[in-house]
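Quick note, the sequence shown lines up with residues 1 to 82 if you use the working numbering.
There are no misleading hints in this set.
Label-pair ranges, simulated between beta-carbon atoms:
| no. | residue 1 | residue 2 | range |
| --- | --- | --- | --- |
| 1 | Ala41 | Ala69 | 40 to 46 Å |
| 2 | Arg57 | Lys30 | 39 to 45 Å |
| 3 | Thr72 | Asp52 | 29 to 35 Å |
| 4 | Glu55 | Gly18 | 52 to 58 Å |
| 5 | Lys5 | Leu31 | 24 to 30 Å |
| 6 | Arg57 | Ala17 | 54 to 60 Å |
| 7 | Glu76 | Leu42 | 49 to 55 Å |
| 8 | Leu19 | Ala41 | 31 to 37 Å |
| 9 | Ala69 | Cys49 | 27 to 33 Å |
| 10 | Ala47 | Val67 | 28 to 34 Å |
| 11 | Phe14 | Ala47 | 43 to 49 Å |
| 12 | Thr9 | Met37 | 29 to 35 Å |
| 13 | Ala47 | Met11 | 44 to 50 Å |
| 14 | Tyr25 | Val59 | 50 to 56 Å |
By construction, these hints were calculated from the structure, which means they are not laboratory data.
Quick caveat: nothing in here was measured; it's all calculated off a predicted structure.
The C-beta atom is built at its ideal place from N, Cα and C for all residues, glycine as well.
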Amino acid sequence: MNDTKLFDTLMTQFGFAGLLVVAVYVIARKLASQYEMRISALETASARCEADRIELRNVIITMQTKVIADLTAKVELGGTRA
Numbered sequence: 001m002n003d004t005k006l007f008d009t010l011m012t013q014f015g016f017a018g019l020l021v022v023a024v025y026v027i028a029r030k031l032a033s034q035y036e037m038r039i040s041a042l043e044t045a046s047a048r049c050e051a052d053r054i055e056l057r058n059v060i061i062t063m064q065t066k067v068i069a070d071l072t073a074k075v076e077l078g079g080t081r082a
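Using the sequences and the hints, build the whole thing.
Written out as structure tokens, the structure is:
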């Protein structure tokens, strides 16, 4: 059924109220679709953010370990000279 026939059928059988119901239904479907797309995008971004956070944490731990090892080596070298 094309749009013109659907419009005519709605207006003749259900009147303006029927047309409003269909319009609200179509808008609600589009809004639900947009809502689901946004949730999906947020979940994807959240997963990426979590992966970046873990990677950054690992880099910080590696840097801290290296600095501690370097300082420990300097202290040990300084202590053996005395």
